[in-house]
Amino acid sequence: MKTKYLHAFITATLFFSALRFVEHYSTAGASENLAAPKLAVSADTGNETRVIGKVTLSGPAPADPIINMATDPLCSKMHPKPAMTEDVVLGPENAVANVLVYVSEGLGNHTFDAPKQPAVLEQKGCQYHPHVIALMAGQKFVVQNNDPTTHNIHPLPLNNREWNQSQAQGVPPIEATFGREEIAIPVKCNIHPWMKGYIAVFKHPYFAVTGKDGAFVLKDLPPGNYTISAWHEKLGTLTQKVTVAANQVSETKFVFESHAAH
Amino acid sequence: MARRNAIAMGIAARSCLFVFLAAPVFSQESHIGNLAGEVGRGKKLYQRFCIGCHGEQGDGRGENAVYVDPRPRDFTTGTFKCRSTPSGAIPLDTDLFNTIGRGLYSTAMPPWLPLTRQQRADLVAYVKSFSPRFRQEKAESPLEVPPETPASEDSIDRGRELYQTTIKCALCHGKEGRGDGPSASTLTDSKGMPIQPYDFTAAKRFKCGQSDEDLYRVLMTGLDGSPMASFSNSLKPEQAWDLIHYVRTLQPNFHSRERNAKSNQLAKTTVKDRSPSEAKEGIK
Chain A
8 MKTKYLHAFI TATLFFSALR FVEHYSTAGA SENLAAPKLA VSADTGNETR VIGKVTLSGP
68 APADPIINMA TDPLCSKMHP KPAMTEDVVL GPENAVANVL VYVSEGLGNH TFDAPKQPAV
128 LEQKGCQYHP HVIALMAGQK FVVQNNDPTT HNIHPLPLNN REWNQSQAQG VPPIEATFGR
188 EEIAIPVKCN IHPWMKGYIA VFKHPYFAVT GKDGAFVLKD LPPGNYTISA WHEKLGTLTQ
248 KVTVAANQVS ETKFVFESHA AH
Chain B
1191 MARRNAIAMG IAARSCLFVF LAAPVFSQES HIGNLAGEVG RGKKLYQRFC IGCHGEQGDG
1251 RGENAVYVDP RPRDFTTGTF KCRSTPSGAI PLDTDLFNTI GRGLYSTAMP PWLPLTRQQR
1311 ADLVAYVKSF SPRFRQEKAE SPLEVPPETP ASEDSIDRGR ELYQTTIKCA LCHGKEGRGD
1371 GPSASTLTDS KGMPIQPYDF TAAKRFKCGQ SDEDLYRVLM TGLDGSPMAS FSNSLKPEQA
1431 WDLIHYVRTL QPNFHSRERN AKSNQLAKTT VKDRSPSEAK EGIK
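Chains as they are written, first to last, in my numbering: chain A, 8 to 269; chain B, 1191 to 1474.
Simulated from the structure, these hints should not be mistaken for lab results.
Check each hint, because a few of them may be wrong.
To be verified - Negatives, chain B to chain A, calculated, CB over 12 Å: (1) Leu1361; (2) Gly1382; (3) Asp1389; (4) Asp1402; (5) Pro1417; (6) Ser1420; (7) Gln1441.
As the list claims (entries may be wrong) - Only some residues are given here: those of chain B computed to face chain A with a beta carbon under 10 Å: (8) Gly1242; (9) Gly1245; (10) Ala1279; (11) Ile1280; (12) Thr1284; (13) Ile1357; (14) Lys1358; (15) Gly1369; (16) Ser1375; (17) Ser1380; (18) Gly1412; (19) Leu1413; (20) Gly1415; (21) Ser1424; (22) Pro1427.
Claimed, not checked - One-sided excerpt, in silico: chain B residues whose CB lies under 8 Å from chain A: (23) Asp1370; (24) Pro1372; (25) Leu1377.
Ideal Cβ placement from N, Cα and C applies to all residues, glycine included.
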């Protein structure tokens, strides 16, 4: 009789501890679907695909204000012509630079290895180069200071851990990684408040950042239907549906409206 | 007999399983020296003392939160100001324990010294339970604080150079340490709320402890969630001490501190220099 009670007690205890266990790890959210198939990212599958396009702005170009770097003469000295904010950077024919173009839907549960080479963010002339940097979760992120002054690198993520490291002149590069996808993490220097940039973290390798020609290329997507997004820090986000077929080039265009900037 | 054995086996097997499953539950504890804090007790204390500001979910959105500036800490992100661990890392249990006992000067967070050490340890365990980071991340080793260098005039001069020119402290904290540097008005915390750099000339107490070692820790690990960065890779230990020696000269009670230190020194040397018989006479 006694053993029966003991049985019941142990079973009940087990049940509750199991419940708490599940409760614990269901909130963790860090582990991706481990059973998901891994896609090899290379052109040797014989299914070479390409999504190309251009990002432009319709309507009047927003004014690019001048940055006043007077508070740190070490910064202002590096700019014989005053530096401009990089809120909206336009190229010829209203092409928009610093736009993140990426696959936002259609990859399912596939997982991808992060590239071995690091993504390098440079501090030069008391500005970030590039202004928008894109990398994969788990990829090495390196920050260099090529200025004769002290900066602090302060990413402000919502879905990754926040850190804030200073980097004086001549200090070796700072190395970090971001564990989770996040589009996009603002990064700033609190010492020089005009220094603003963005770090975009993806869980797949199908992304690009436009240059002054507004052009982008997404290579080697497996054939299928996708949603492609274009994100700009001031102009917002646009999306397009794209069908990718083997050995074909798909072309798409993104046109931002300039009133969105005001 | 066989039935007995089967029962015993069953119990043994389930006990093993129980130990395995129960392990994460135990990881919710806190350890401060010999004290072990417990989540259940911590929860009761939290609901009595902390919930009003920090909120039921620990997200810093309690009933009183809107009236409090700076806003109460959001425990769900696992980001804390006063740490002995590197920037970006979760704090040690003792860091949280010390913050609860010390309070955060110039904020609405009082020192919770009326609570026993056991109660504060229990609260640490419960506060940790709000962020999954404490279960997912391994504790990083705390910053080592090397022996302090002498606070000489030379050290203060070197510290002044770092503060005013090289490390750019003055851009936020101001030339005279009044927290009014040219970048000060642009600063926000990680939640986007305006935040003021510390005014060394007004306040006599610091947020994360009053000793030079505490200042060393703040300088080298930063105040996460605020614009104050970790300077661990920009400053050598002796430079950090130089900076601390200079910052001390900006404080309102610096001269009295200095005088006290000098008179203490004087008292020590006079006692030591005198012969035992003279010292005796002196005492008379």
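Here is how each hint holds up against the structure:
{"no.": "1", "hint": "Leu1361", "result": "violated, 5 Å"}
{"no.": "2", "hint": "Gly1382", "result": "violated, 9 Å"}
{"no.": "3", "hint": "Asp1389", "result": "holds, 17 Å"}
{"no.": "4", "hint": "Asp1402", "result": "holds, 20 Å"}
{"no.": "5", "hint": "Pro1417", "result": "violated, 4 Å"}
{"no.": "6", "hint": "Ser1420", "result": "violated, 5 Å"}
{"no.": "7", "hint": "Gln1441", "result": "holds, 23 Å"}
{"no.": "8", "hint": "Gly1242", "result": "violated, 25 Å"}
{"no.": "9", "hint": "Gly1245", "result": "violated, 17 Å"}
{"no.": "10", "hint": "Ala1279", "result": "holds, 8 Å"}
{"no.": "11", "hint": "Ile1280", "result": "holds, 9 Å"}
{"no.": "12", "hint": "Thr1284", "result": "violated, 21 Å"}
{"no.": "13", "hint": "Ile1357", "result": "holds, 5 Å"}
{"no.": "14", "hint": "Lys1358", "result": "holds, 5 Å"}
{"no.": "15", "hint": "Gly1369", "result": "violated, 13 Å"}
{"no.": "16", "hint": "Ser1375", "result": "holds, 9 Å"}
{"no.": "17", "hint": "Ser1380", "result": "holds, 6 Å"}
{"no.": "18", "hint": "Gly1412", "result": "holds, 5 Å"}
{"no.": "19", "hint": "Leu1413", "result": "holds, 8 Å"}
{"no.": "20", "hint": "Gly1415", "result": "holds, 7 Å"}
{"no.": "21", "hint": "Ser1424", "result": "holds, 4 Å"}
{"no.": "22", "hint": "Pro1427", "result": "violated, 15 Å"}
{"no.": "23", "hint": "Asp1370", "result": "violated, 12 Å"}
{"no.": "24", "hint": "Pro1372", "result": "holds, 4 Å"}
{"no.": "25", "hint": "Leu1377", "result": "holds, 6 Å"}
In terms of the numbered hints stated before, the structure departs from hints 1, 2, 5, 6, 8, 9, 12, 15, 22, 23, listed from lowest to highest.
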